[in-house]
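Enquirer: Start from the sequences and build out the full structure, keeping to the hints where you can.
Listed below are the residues making up each chain.
Protein chains: 2
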Amino acid sequence: MKNTQEWFTEIDEDNHCAFSLKVKRKLHEEQTPFQKIEIYETTGFGNLMVIDGFIMLSSRDNFLYHEMMTHPVLYSHPHPREVWIIGGGDCGSLQEVLKHKEVESAIQIEIDQRVTRLSEQYFPELCQANDDPRAQLKFEDGIRWVENAPDNCVDVIIVDSTDPLGPGEGLFTEGFYRNCLHCLRPQGLLIQQSESPLFHPHILHPMRKAMKAAGFEQLHTLFFPQPVYPSGWWSGTLACKDGLGKFRAEDARHKPFSTRYYNEHTHRAAFAAPDFFLENVGRLEK
Amino acid sequence: MKNTQEWFTEIDEDNHCAFSLKVKRKLHEEQTPFQKIEIYETTGFGNLMVIDGFIMLSSRDNFLYHEMMTHPVLYSHPHPREVWIIGGGDCGSLQEVLKHKEVESAIQIEIDQRVTRLSEQYFPELCQANDDPRAQLKFEDGIRWVENAPDNCVDVIIVDSTDPLGPGEGLFTEGFYRNCLHCLRPQGLLIQQSESPLFHPHILHPMRKAMKAAGFEQLHTLFFPQPVYPSGWWSGTLACKDGLGKFRAEDARHKPFSTRYYNEHTHRAAFAAPDFFLENVGRLEK
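Chains A and B, in that order, are what the protein sequence lines are. The numbering used here puts the first residue of the first sequence at 1, with every later residue one more than the last. The numbering used here puts the first residue of the second sequence at 1001, with every later residue one more than the last.
Simulated from the structure, these hints should not be mistaken for lab results. Errors might be hidden in some of the hints.
What the hints assert, rightly or not - Pulled a few chain B residues facing chain A out of the computed Cβ check, cut under 10 Å: (1) Ser1020; (2) Pro1033; (3) Asp1275.
Unchecked claim - Examples of chain A residues lying across from chain B (beta carbon under 7 Å, computed): (4) Gln5; (5) His16; (6) Cys17; (7) Phe19; (8) Thr43; (9) Asn148; (10) Asn152; (11) Gly232; (12) Ala249; (13) Pro256; (14) Arg260; (15) Pro274; (16) Asp275; (17) Phe276; (18) Asn280; (19) Gly282.
Being a predicted model, the structure only gives us computed values, none of them experimental. For glycine and all other residues, C-beta sits at the position ideal for the given N, C-alpha and C.
Expert: Put into structure tokens, the structure is as follows:
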């Protein structure tokens, strides 16, 4: 189980398992000031981006993650006009956000410009909205961004981060969430990718605890499939500034754009928490 | 990406990916008249059963599959008294079925007795209900069983089979489904594991087509996570003899037994079909 010329393998040391994709060739490798980025052409999954040895996305299945990190939160907000994406340098979340006509401004705050430049080159299908006049691409530290931003200026914050290692670490802290809470307008919503419900309860539950400690009123963890991530099952956690985000089901039913996973039904389904998760919430978030 | 002494690897040749589990040791290996069975002790997933090179189950995550192959169908039937499990030799589905007090008889029809004997030895936690007076373990060919059984004699049939290769192949045919339909009483339901929604549309949709051709009135494909199976995302397809199986939500809400994944909410969630699946239904099942 080693990386060979024929396979890219990501080993999950904590869970003693590994996932491998057959590769045709390595298209690119570089060490940026922040991380090591590799791009592969795979045999069955299209192009693959790997950061610091961890799979970030493949052409084949990124639609699951990008749709579920954006449409559920946007259709849970009554009028999402200003949206920030913290991280998300591949621009896939930005593109989904801009499918919503009511969004007037979407700012992507990615610390590493190279992620975006490489995505433009190797995942051009995710970067179709980069020239939308409503889009702004900032290459700055998302932690600083929310520290310095004025209060009450944004409706939805999407934290589309790497794992809480390296540059992503500070995005899982109470301090970061408190700053986000201040930036959000009334009825504001935040969603953050929250790892595998099965493999990473030691990340997911402390993260939820930090969100609550920061003052978010209600949390909803969303569950969805994502084959290239450990366990093939992933989550996002939606946090509400005040009160429950009400699902605009009628709008979702008549969405004026196409999706591959998301619809009114998978929206509702994503909110269904398994019994073991509910038990963990009671046990690990006290 | 080879099997080594340290790792068990299942390569998905069609999808050009692989999943590996770290192993401590091989506990058992035998060639039965039907298939090759291997049992491993893994580092992170407990014991592992492999048949003809394909992962069947691990101690760690089989609860997902077993709960979702049983409780949704049983809580969709108004009064499931007689239940058959075709295949299911590890006895995990049988055990879940017998948690339902209204079940008066559950017959497991497994072609290969060795699967059950090895499960008793290496997965004893799945075999706790084998001595239940309502349980019968038959070691026969499930295809013959439904051919020879009288009409109108069973309420629920659970087809807990291997992939449509080797002994499992005949369980994916119109002839088999027609026999099942005859065996079912009015309001009867059948569920069959139907592979990965993302990786195996070439199995799933022909299977649904065969069920319809056999005369089943309504089909519902259920979606759930299963980390050790290809793509980490799996499905079961529920077929109704006549009319819609109505969900006994109140009973599910007050189920007198514990589960880890299944509950009233994950039941409903499992029925939510992604847009790409609905599109495939229209395109591939004509």
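Enquirer: Any of the earlier hints contradicted here, and which numbers?
Expert: Hints 2, 4, 9, 10, 12, 13, 18 and 19 are the ones this structure does not satisfy, whereas the remaining hints hold.
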